Each structure stands twice: as C-alpha cells, then as structure tokens.
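S.K.: Sequence:
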Amino acid sequence: MFKRQFHVFRLTKNQSKDHDPSMVLPSLNGMRAFEAAARLGSVKDAAEELRLTPSAVSRHIRFLERSLGQDLFERSFRQITLTATGSYYAHTLSEAFEAIRRATEDVSLVNGARKRHKRIRFMCEPTFLNLWLADRLPTFRRLHPSIDLEISTSGKRSDFDLAVVDEFNEKTSPALKLILPLMLTPVCSPALLNGPEPLRTPQDLLHHCLIHERESRRWERWLAQEGVVGEASGATTVLHDCTLIMREVANGTGIALADTIMAQDLLQEGKLVAPFNVYHDYPAGYYLHQRPGVGSKPEITRFLDWLFAEVEQHKKSVAPAFG
338 MFKRQFHVFR LTKNQSKDHD PSMVLPSLNG MRAFEAAARL GSVKDAAEEL
388 RLTPSAVSRH IRFLERSLGQ DLFERSFRQI TLTATGSYYA HTLSEAFEAI
438 RRATEDVSLV NGARKRHKRI RFMCEPTFLN LWLADRLPTF RRLHPSIDLE
488 ISTSGKRSDF DLAVVDEFNE KTSPALKLIL PLMLTPVCSP ALLNGPEPLR
538 TPQDLLHHCL IHERESRRWE RWLAQEGVVG EASGATTVLH DCTLIMREVA
588 NGTGIALADT IMAQDLLQEG KLVAPFNVYH DYPAGYYLHQ RPGVGSKPEI
638 TRFLDWLFAE VEQHKKSVAP AFG
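In terms of the working numbering, the sequence shown opens at residue 338 and continues consecutively.
None of these hints come from the bench; they were simulated from the model. As the structure is a computational prediction, the values presented were derived from the model and not from experiment. All C-beta atoms, glycine included, are put in the ideal place defined by N, C-alpha and C. A hint or two may mislead.
What the hints assert, rightly or not - Label pairs and their in silico Cβ distance ranges:
1) D496 x S633: 44 to 52 angstroms
2) T390 x V361: 51 to 59 angstroms
3) K652 x D485: 53 to 61 angstroms
4) L362 x G660: 55 to 63 angstroms
5) S404 x F659: 46 to 54 angstroms
Unchecked claim - Cut-off 30 angstroms, straight-line C-alpha distance, at most; resulting in silico cross-link-like pairs (DSSO-like, lysine-lysine):
6) K493 x K514
7) K493 x K455
8) K455 x K514
9) K508 x K381
10) K652 x K493
11) K653 x K514
12) K381 x K493
13) K634 x K514
14) K634 x K508
15) K634 x K493
16) K634 x K652
17) K493 x K508
18) K514 x K381
19) K514 x K652
20) K381 x K634
21) K508 x K653
Just need the whole structure built from these sequences, with the hints factored in.
M.R.: Structure representation (structure tokens):
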C-alpha cells in the first residue's frame with residue numbers, strides 16, 4: 338500500500354530536470370535544530386526554544402552535517418561559528434520556515450471567511466512601557482484596529498516578534514538597533530526648588546536625598562561631568578523599579594536621575610521639574626530586537642513606522658537633551 342502511494346508521487350522523466358527524484362531531504366528535526374542554533378548563536382538557546390536538551394540539538398545538527406557531507410559550524414570551546422556554507426544554509430532555512438509560517442497564517446480563517454486579526458508579540462522594557470509607551474498605545478490601536486498586540490515585560494527576546502530592551506552600549510550585538518540613547522538629568526518635585534535647601538546649582542544636590550536606580554554609578558558619573566566636588570550629606574535611597582522612583586520623586590522624597598523616556602510626560606504635566614535642564618549621556622540606551630523573518634509582515638512594518646515616528650516626536654519635545 339505505502340509503496341504504491343510512494344511511486345504515484347515520484348517525479349517522472351518528463352518532469353522538470355531541476356528536481357532530482359533520488360534526492361532525499363535531510364531530517365526536518367535536523368534542519369530546525371540547525372536553523373535555531375544558527376539564528377540564536379547558541380545550542381543552549383536553541384534547545385530552550387525547541388524544548389529539547391542541548392545534547393539532542395547537537396545530535397540533530399551532527400546528523401544533518403553527515404547527511405549533507407560537510408560541516409555547517411566551526412566549533413571551539415563553548416562557541417559555535419557558522420561556516421560560509423552554514424551561513425548560506427541557515428539564511429535560506431530561516432526564510433523557508435518564515436514563508437511556511439506566513440502561508441499557514443494566511444490560510445487560517447475565522448468563520449470560514451474572514452482572516453484573523455494580525456497579532457504582534459511584543460516584549461518591552463518596563464520603564465519604556467509604563468512611563469512612556471503605554472499612554473501612546475491607544476493612538477496606535479485607533480490607527481490600526483485590525484492589529485492585535487500581545488505585550489510582555491519579560492521573557493526571551495527570541496520568543497517575541499519585537500522587543501524593546503535596555504542595554505549597555507558595549508554589550509550590544511548586531512541584532513540590536515538603537516532606538517534612543519540614555520540622556521540623564523536630575524528631576525525633583527517642584528516643592529524642592531525653593532525649599533530649605535534650594536537648588537540653584539548642581540553642587541546643591543549634595544544637600545538632598547539622592548535616589549539611585551539599582552546602583553550609584555549613574556549619579557557618580559553625572560556629578561563628575563558637572564564638576565561637583567564632595568560627598569552627599571543627605572540620605573540615599575536605592576530602588577529597583579523606575580516607576581516607583583518617579584512616584585517617590587513626585588512625592589518630594591528626593592531627587593533622581595531620569596532619562597528622557599522616564600521623565601518626559603511627568604515634566605510636561607508639571608508633576609516634576611528639571612532644576613538645571615542639563616543632560617549628560619550614559620553609555621546605554623533603549624534598543625530594538627526584531628526576530629529574523631518578521632520584517633516582511635505588514636503589521637510589523639506599520640507598528641515600527643508608528644513607533645519610530647513617536648520616538649522622533651519625543652526627541653523634538655526634549656530637544657535640549659539631544660541638541
């Protein structure tokens with residue numbers, strides 16, 4: 338039974354010579370394991386994505402290489418590098434898998450007639466989302482009601498179509514695109530400007546409670562850039578959540594260094610003030626990670642066009658920071 342079915346689908350001599358009927362494609366599992374490892378640059382990460390063990394992924398790749406008769410990776414201690422052939426094959430497989438995914442999505446219908454809403458899986462750094470992007474998302478939804486957003490603040494970047502992350506500049510990879518550099522300035526409650534310890538110059542900051550985001554390096558760098566000499570005489574507070582930091586500052590608890598994303602809306606609403614309006618860069622920024630293969634999806638293009646337009650408008654609103 339199976340033999341008869343097989344012969345029905347074999348190419349005949351009169352069919353295209355571009356197709357070799359004797360060619361047997363390698364294992365699909367091997368191709369998936371190799372494509373994931375090549376895209377992520379890690380067997381371990383590929384194993385997590387495919388829900389396999391690293392040893393299973395390695396076995397699949399080894400079997401694929403034997404099937405092809407050549408190496409796809411150059412291997413060293415805890416590191417894999419694509420060969421020239423491997424790079425070509427990985428790129429082609431990624432395009433093929435994405436084409437299969439798109440085709441599957443295209444033929445999936447709702448009620449047998451109408452295509453599903455397009456969905457974007459989006460991971461966003463909490464500060465960027467909670468203090469800036471969230472209030473702008475209703476505009477995007479009004480402009481593009483057929484696009485659904487699934488938003489998370491944590492997870493593996495490779496599990497999402499798009500991700501906005503914060504990263505130190507020296508740790509970035511070619512997979513990341515800079516959206517906005519970090520430009521920092523002190524912000525405080527308006528009540529502190531002319532309080533018992535008025536804020537006239539950056540040197541006056543040393544008499545106030547300085548609120549630190551996780552560690553003290555940002556304040557140390559900014560104060561040094563302004564030539565401030567001495568130690569802070571006020572208390573210090575260390576907080577690990579930027580939304581909480583902004584609430585503490587608005588309540589008059591102390592002074593924090595804020596990047597433009599954190600502070601723009603609160604400054605415009607008058608809940609915070611920037612006493613010196615002096616911005617200094619910090620070697621980090623907000624970066625975009627885009628999953629390979631999703632760039633051709635119309636909903637991704639529309640979202641990114643909208644996002645970058647909003648970022649450009651943001652830069653104009655805080656022009657002194659980027660001037």
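S.K.: So, for every hint listed, does it hold in this structure?
M.R.: Taking the hints in turn, this is what the structure says about them:
{"no.": "1", "hint": "D496 x S633: 44 to 52 angstroms", "in the structure": "violated, 19 angstroms"}
{"no.": "2", "hint": "T390 x V361: 51 to 59 angstroms", "in the structure": "violated, 27 angstroms"}
{"no.": "3", "hint": "K652 x D485: 53 to 61 angstroms", "in the structure": "violated, 29 angstroms"}
{"no.": "4", "hint": "L362 x G660: 55 to 63 angstroms", "in the structure": "holds, 57 angstroms"}
{"no.": "5", "hint": "S404 x F659: 46 to 54 angstroms", "in the structure": "holds, 53 angstroms"}
{"no.": "6", "hint": "K493 x K514", "in the structure": "holds, 17 angstroms"}
{"no.": "7", "hint": "K493 x K455", "in the structure": "holds, 21 angstroms"}
{"no.": "8", "hint": "K455 x K514", "in the structure": "holds, 24 angstroms"}
{"no.": "9", "hint": "K508 x K381", "in the structure": "holds, 19 angstroms"}
{"no.": "10", "hint": "K652 x K493", "in the structure": "holds, 29 angstroms"}
{"no.": "11", "hint": "K653 x K514", "in the structure": "holds, 20 angstroms"}
{"no.": "12", "hint": "K381 x K493", "in the structure": "holds, 13 angstroms"}
{"no.": "13", "hint": "K634 x K514", "in the structure": "holds, 18 angstroms"}
{"no.": "14", "hint": "K634 x K508", "in the structure": "holds, 28 angstroms"}
{"no.": "15", "hint": "K634 x K493", "in the structure": "holds, 21 angstroms"}
{"no.": "16", "hint": "K634 x K652", "in the structure": "holds, 27 angstroms"}
{"no.": "17", "hint": "K493 x K508", "in the structure": "holds, 17 angstroms"}
{"no.": "18", "hint": "K514 x K381", "in the structure": "holds, 24 angstroms"}
{"no.": "19", "hint": "K514 x K652", "in the structure": "holds, 17 angstroms"}
{"no.": "20", "hint": "K381 x K634", "in the structure": "holds, 28 angstroms"}
{"no.": "21", "hint": "K508 x K653", "in the structure": "holds, 28 angstroms"}
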